[in-house]
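Trainee: Now for the letters of each chain:
2 protein chains.
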Amino acid sequence: METRDMLWSGWGDPAKAAPLPEPVVGLLRDLLGVKPAAAPPVALDAVAVPASRLVPEDLGALAGAVGAGHVRTDAETRVRHTRGKSTPDLLRIRAGETSDAPDAVVLPATHDEVGSVLRACSERGIAVVPFGGGTSVVGGLAPRGAERFIALDLRRMDALIELDEVSRTAVLQPGLRAPAAEALLNERGYTLGHFPQSFEWASIGGFAAARSSGQASAGYGRFDDMVVGLTVATPAGDLDLGRAPKSAAGPDLRQLVLGSEGAFGVITSVTVRVRPVPSATEYEGWRFATFADGAAALRGVAQDGPLPTVLRLSDEAETMVGLADPAAIGGASSAGCLAIVGFEGEPGEIAGRRAAVADLLRAAGGEPLGTAPGDTWAHGRFNAPYLRDSLLDAGAFVETLETAAFWSGIPALYEAVRAALTGTLSDAGTPPLVMCHISHVYPAGASLYFTVVSAQGADPVAHWAGAKRAACDAIVDAGGTISHHHGVGTDHRDAYAREIGPLGGAVLRAVKERLDPAGILNPGVLVPPATEE
Amino acid sequence: METRDMLWSGWGDPAKAAPLPEPVVGLLRDLLGVKPAAAPPVALDAVAVPASRLVPEDLGALAGAVGAGHVRTDAETRVRHTRGKSTPDLLRIRAGETSDAPDAVVLPATHDEVGSVLRACSERGIAVVPFGGGTSVVGGLAPRGAERFIALDLRRMDALIELDEVSRTAVLQPGLRAPAAEALLNERGYTLGHFPQSFEWASIGGFAAARSSGQASAGYGRFDDMVVGLTVATPAGDLDLGRAPKSAAGPDLRQLVLGSEGAFGVITSVTVRVRPVPSATEYEGWRFATFADGAAALRGVAQDGPLPTVLRLSDEAETMVGLADPAAIGGASSAGCLAIVGFEGEPGEIAGRRAAVADLLRAAGGEPLGTAPGDTWAHGRFNAPYLRDSLLDAGAFVETLETAAFWSGIPALYEAVRAALTGTLSDAGTPPLVMCHISHVYPAGASLYFTVVSAQGADPVAHWAGAKRAACDAIVDAGGTISHHHGVGTDHRDAYAREIGPLGGAVLRAVKERLDPAGILNPGVLVPPATEE
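Taken in order, these protein sequences are the chains called A and B. Mapping of the first sequence onto this note's numbering: position 309 corresponds to residue 309, and the numbering continues sequentially without gaps. Mapping of the second sequence onto this note's numbering: position 445 corresponds to residue 978, and the numbering continues sequentially without gaps.
Mixed in with the good hints there might be a few duds.
Sample of chain B residues at the chain A side, in silico, Cβ under 7 Å [to be verified]: (1) Arg701; (2) Gly783; (3) Ala905; (4) Phe915; (5) Pro976; (6) Ser1016; (7) His1017; (8) Gly1037.
Hint data in this document are derived by calculation from the structure and do not stem from the laboratory. All C-beta atoms, glycine included, are put in the ideal place defined by N, C-alpha and C.
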């Protein structure tokens, strides 16, 4: 199966680019002072990449591992594997800035070929960046401190290896993109139920390596909750983990691989729980007077259940702008805060669950808005990244970040992050609109997902670096985790070091040194350097 | 709060000793050839312990860490901290065999005192065995290769530190015994909902260190599912983990501490999810024609839910002997297989869940037996360990072991373990009765809990060692995990090494060497030695 390439300079398929609704353009102009950008992206064939630093012996060793046809050094392939899809990544690549381009792109077809590549690279001191969907927004694909590196593109490992219908588990290869995985499972009557915003492009291996969390996590669980087994190729050998859903036999080593972002090894297969394809889906909208009221209602559902399959709540600003429902901007439904509540399953089971959830939401002050807002959300659930491309074209800056905390810490965390973003960007002369939603709930806490829109200003990458640093500090100081579903990468590494403390960092280094003694795997990503101690 | 001591030579409180029902005595005699034991346990004051190998400077250093009054070297205290509560442990201690007695028992009162003890012991080369409830049944309290060691009894750290009613979390100290933790939470209207068979004696720290799983795990989750935060004192410093219920920021280091069995550090506080005390409980019995039928029914409930709070199924042998319902031995309910299905919550919520589960069980061939078997089970749920004392007194050998696997592997695993136990013990001249139940279910798999009863024979410890080895091999060969809720300890270490493979063992050693460079923490427990590579 040939895997499609994303738009090199943005998100996804240019054919799906979403033009900005006129009210949004007006809002940008009037509220944020956004002016149309001067320069569109440079043309792909005009983008130059630095000369590959691999010597013929290096390329020969790699060809020996995967076959010469699967070692690519052409400019287009290298450009397409340069960095990820954060807004600073897009701004740099739109300007033709390719300093982080890999020296080659290597495409293994099997677990053993991955092992051969890792051994060859360990011997030759070539860093290796595992590459799934290429959708990292935290600098996970731009290593630091590597003299030369390859992108290890796993797209050829894209099979459904096994479906165990008794245990309801499936063994998936890491390079399977999520839509292909769903299609393969759907043919057999099953679904993974994992639908993050990056769904159209992200890969199974990436979901595991970055602890992805989908929009239906309330019902299907986070990706790390779905994983019951993993095989991993490391420079030091192989790991084969997971003999039962749960075990009391020692630490759960699966949980050490999940979230390891390619720094410990390359995930070569993932065994996941699957479920029958639901025969019915119902998405509905609810309105709450304030974000605090809505959050309390979501907390009540998370703690006293049953849970819907999808449960999210936009704050006043996000509701007003109507990211959740662009068609309703300026309409009656823009007052207060919009919640989306979705159910997937069998019709009878859904009916009971929906009634119980409705009782809880109504008792908490919620006003039902019917299915129209829910259907609108479901229809547009993967559109936000396309919208970002349009906003960048229109001269706006837009970026997201997210965190999670225990419920009692959520209000202070929300205020601290908003204040940090608003303060720094206003000081930089680009006052932002900061919007937020709760996208995932647990009995003990929830995630907060922020979207920031401002004018680009003179140097949007530098402006954002300052704002992001302030937001990260605010998150750590307020007791939140630095990421609920985007991961650590290089962007969050310093904040992550504070989160886990010096001894936590030392534990990660001890594991990495044992599995990757030459330090070739994703250098600079995730693992705090020893100087943090 | 003064913590009670367990019966030094058996389980729990002698006043609760359960006399064997006459039918059981007859069954033991007629079926297994059990003859009354020759010798009752020796008297406690007649038990000698080896001289402590600690020198005055050692004791002075420990006294400096915790105060002289909290360093105990008297014989009774040392006997009471000798090994755990496996049947071989009991047989040895009943015979006055104290070769594994700690050289001293040290009782810290704070996190900082734990750290001081660990540093003093690291400097002096004294091994440290963290001691909570003392209920290990896998050799977790008998270190190997230590010239001298202390038991670090955490009973003075027995406070409820904080209850966060918004997040529904509680911070508990590790030495809190489970009933005391429940009492402290119940006063405030909450429950932990963790009721393993060791409930009456086990500690919060032990639950976390050994990944305990309670009888109500279907409803409340395993203990490791409940933990959202941990603080740990290690010889190399402190860990403070858990800023949110879930995070995408790197590997979940909590899951590296959970199950670490004192080999990486000493857990000094545990933050757990709590729930409101249920206002209603309903336990009922169901009968299935065969264990396979019942297992299929439980699988259906686990996969298509909703789940009851308690869900367990005895096989034909266990149902016949009536461990689940001793009053019914020989009665009508002894045919087929008995399942216990329990519900805890609010009456209205329970009613809906109970009806949905009943539909699933009835459709799977289950016959409802009403609440009598459920109430009998609930009444006697913590009695089995007392029954073991009575069986040992009566000359029988009884021991348990457990495993878990994916559903598709359960039938072969069940047969393999039964065959291994029956074969080896029959060959040794003590043919056993092997019983089993499913005690915990997941969408993807389940646990199997085996109980073995036989005559003691000439050397029951040696007989059992051979049978246990064969059972462990059978579990590993059949693809099961070596423990679903008892842990690894010293008894399962070799099988665990096979389960996680040489590189998995190397990862654990790397973590241990970083956190415990002097190798003082529970040597010989959990972590496979390097020679396994």
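Trainee: Now, for every hint given, state plainly whether the structure supports it.
Mentor: A quick look at each hint next to the structure:
no.	hint	verdict
1	Arg701	holds, 6 Å
2	Gly783	holds, 5 Å
3	Ala905	violated, 29 Å
4	Phe915	violated, 19 Å
5	Pro976	holds, 6 Å
6	Ser1016	holds, 5 Å
7	His1017	holds, 6 Å
8	Gly1037	holds, 6 Å
When held up to the earlier numbered hints, the structure conflicts with 3 and 4 and fits the remainder.
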